[in-house]
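Got chain A; can you put chain B on it based on the hints?
Number of protein chains: 2
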Amino acid sequence: MKYFEKLARKMNIEGEIDMEAKPSTLEDEEVYRCSIFSVHKKLIALPRKDGGREVIRREIVDHLPGVICLVHDLDTDSYLVEMEYRVGPGNFVFGLPAGLVERGEAPLETAKREVEEETGVRPGKIEEIEQYGAFYASEGASNDKAYLFALHVSDIENLPLRPDAGEFIKSAWVSFEELLSLPIKNASSALLVRNEEVRRRGGQIL
Amino acid sequence: MKYFEKLARKMNIEGEIDMEAKPSTLEDEEVYRCSIFSVHKKLIALPRKDGGREVIRREIVDHLPGVICLVHDLDTDSYLVEMEYRVGPGNFVFGLPAGLVERGEAPLETAKREVEEETGVRPGKIEEIEQYGAFYASEGASNDKAYLFALHVSDIENLPLRPDAGEFIKSAWVSFEELLSLPIKNASSALLVRNEEVRRRGGQIL
Numbered sequence: 001m002k003y004f005e006k007l008a009r010k011m012n013i014e015g016e017i018d019m020e021a022k023p024s025t026l027e028d029e030e031v032y033r034c035s036i037f038s039v040h041k042k043l044i045a046l047p048r049k050d051g052g053r054e055v056i057r058r059e060i061v062d063h064l065p066g067v068i069c070l071v072h073d074l075d076t077d078s079y080l081v082e083m084e085y086r087v088g089p090g091n092f093v094f095g096l097p098a099g100l101v102e103r104g105e106a107p108l109e110t111a112k113r114e115v116e117e118e119t120g121v122r123p124g125k126i127e128e129i130e131q132y133g134a135f136y137a138s139e140g141a142s143n144d145k146a147y148l149f150a151l152h153v154s155d156i157e158n159l160p161l162r163p164d165a166g167e168f169i170k171s172a173w174v175s176f177e178e179l180l181s182l183p184i185k186n187a188s189s190a191l192l193v194r195n196e197e198v199r200r201r202g203g204q205i206l
Numbered sequence: 001m002k003y004f005e006k007l008a009r010k011m012n013i014e015g016e017i018d019m020e021a022k023p024s025t026l027e028d029e030e031v032y033r034c035s036i037f038s039v040h041k042k043l044i045a046l047p048r049k050d051g052g053r054e055v056i057r058r059e060i061v062d063h064l065p066g067v068i069c070l071v072h073d074l075d076t077d078s079y080l081v082e083m084e085y086r087v088g089p090g091n092f093v094f095g096l097p098a099g100l101v102e103r104g105e106a107p108l109e110t111a112k113r114e115v116e117e118e119t120g121v122r123p124g125k126i127e128e129i130e131q132y133g134a135f136y137a138s139e140g141a142s143n144d145k146a147y148l149f150a151l152h153v154s155d156i157e158n159l160p161l162r163p164d165a166g167e168f169i170k171s172a173w174v175s176f177e178e179l180l181s182l183p184i185k186n187a188s189s190a191l192l193v194r195n196e197e198v199r200r201r202g203g204q205i206l
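So the sequences go chain by chain: A and B. So the first sequence is numbered by the numbering used here: it starts at 1 and just counts up by one. So the second sequence is numbered by the numbering used here: it starts at 1 and just counts up by one.
Extracted from the complex, chain A is given alone in its bound form (with noise of 0.2 Å):
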């Protein structure tokens, strides 16, 4: 955090805007309401060095934070991915277990519960897990996030599946070398692709 705030000092040198400060909100209305997200137009004030403020519009899609959870399973060395539909790129993709947060559940939990509900996996034992943290869809538009898991697990059962309704998920087992070929093209997911691929390198991820 002391370097994070260096950082900023020397980024602080020029412009007017005051990036040590908070900025606030100063209006927030919701505009557009559906089942999974909603559409506010806020008004927020960026703080100025010599005390004043900048106002700035802004539109953002308020969406309920989810998790992405990429299962390895040691005993066969191979990882769980999925095909589905999806309406972003308007087709069947591939991608990895999926879900939103639901009221109440810790995220790592939610990454257990849609393994299981998506794909009837359920690992007989948990040997370790990455926990990435969370990052943003697209921080300039929305705050739809995703916390990010890597499982390491052993001893899989499977259960049948228990999808949500209109959900028609397909999933397979797939080596390592297949994972890094199959064109997962979900931000995200990639993310914890590339995330896996430093650790079985050996490196370290920050």
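No lab work stands behind these hints: they were computed from the structure. Source: prediction; values computed, not measured. Ideal Cβ placement from N, Cα and C applies to all residues, glycine included. Treat the hints loosely; a few may be bogus.
[Said to hold, decoys possible] Quick list of in silico lysine-lysine cross-link-like pairs, PhoX-like style, CA-CA up to 20 Å: (1) LYS125/B x LYS185/A; (2) LYS49/A x LYS22/A; (3) LYS185/A x LYS185/B; (4) LYS22/A x LYS185/B; (5) LYS22/B x LYS49/B; (6) LYS42/B x LYS22/B; (7) LYS42/A x LYS22/A.
[Said to hold, decoys possible] Covered stretches of chain B (chain A as the covering partner; in silico rule of three or more C-beta atoms under 8 Å from a C-beta of chain A): (8) 31-37; (9) 50-61; (10) 116-128; (11) 133-141.
[What the hints assert, rightly or not] DEER-style ranges, computed between Cβ atoms: (12) SER35/A x GLU54/B: 28 to 34 Å; (13) PRO183/A x GLU128/B: 19 to 25 Å; (14) LEU108/A x THR76/B: 37 to 43 Å; (15) GLU54/A x PRO89/B: 14 to 20 Å; (16) PRO65/B x GLU128/A: 33 to 39 Å; (17) GLU20/A x THR76/B: 23 to 29 Å.
For chain B alone, kept in the frame of chain A given last:
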């Protein structure tokens, strides 16, 4: 592509949806629009293997594509980072030069333009370009995607900043170790940094 089809078939053994066929959009209604995105309600038909279909509803944020650019100055072995207010986290955060692709613009041109507008940096020479393709921010709820580039440059010129109205951006050059230690929490930007880490370790980015 052959491998993709082979794995898709392997995943297709169970489940009634035919994921090798194309889904189709039955209805598409714009329900909200603002300056940088709109919201659409869609009815989508997923083809079944028995010739029938499953109809699902989705809401999607329709967003212009963007770019994110990691600039690496080979003369000093340093990287260009920014700090600005982002409405997602609701605070001043570290990030990389980024922006929306304008009509008729190639994404690589967007990357060079945004770097120059936001930081004043114009490379005299671009020694090497990594094009990582486009990644979706949140493929289950948005078509927002960013083209990711790493530019390895030399002979930097520093020009006056030309930010968009309401944009207040500071920038700095940092070492690779400093870059890794920064809390960059936009998923696509973090993926770019991770890709650069794999490249520096002598690995191959697939």
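Evaluation of the provided hints:
{"no.": "1", "hint": "LYS125/B x LYS185/A", "result": "30 Å, violated"}
{"no.": "2", "hint": "LYS49/A x LYS22/A", "result": "12 Å, holds"}
{"no.": "3", "hint": "LYS185/A x LYS185/B", "result": "18 Å, holds"}
{"no.": "4", "hint": "LYS22/A x LYS185/B", "result": "18 Å, holds"}
{"no.": "5", "hint": "LYS22/B x LYS49/B", "result": "12 Å, holds"}
{"no.": "6", "hint": "LYS42/B x LYS22/B", "result": "16 Å, holds"}
{"no.": "7", "hint": "LYS42/A x LYS22/A", "result": "16 Å, holds"}
{"no.": "8", "hint": "31-37", "result": "holds (count 6)"}
{"no.": "9", "hint": "50-61", "result": "holds (count 7)"}
{"no.": "10", "hint": "116-128", "result": "violated (count 0)"}
{"no.": "11", "hint": "133-141", "result": "holds (count 9)"}
{"no.": "12", "hint": "SER35/A x GLU54/B: 28 to 34 Å", "result": "18 Å, violated"}
{"no.": "13", "hint": "PRO183/A x GLU128/B: 19 to 25 Å", "result": "24 Å, holds"}
{"no.": "14", "hint": "LEU108/A x THR76/B: 37 to 43 Å", "result": "41 Å, holds"}
{"no.": "15", "hint": "GLU54/A x PRO89/B: 14 to 20 Å", "result": "18 Å, holds"}
{"no.": "16", "hint": "PRO65/B x GLU128/A: 33 to 39 Å", "result": "37 Å, holds"}
{"no.": "17", "hint": "GLU20/A x THR76/B: 23 to 29 Å", "result": "26 Å, holds"}
Checked against the numbered hints given earlier, this structure breaks hints 1, 10, 12; the rest are met.
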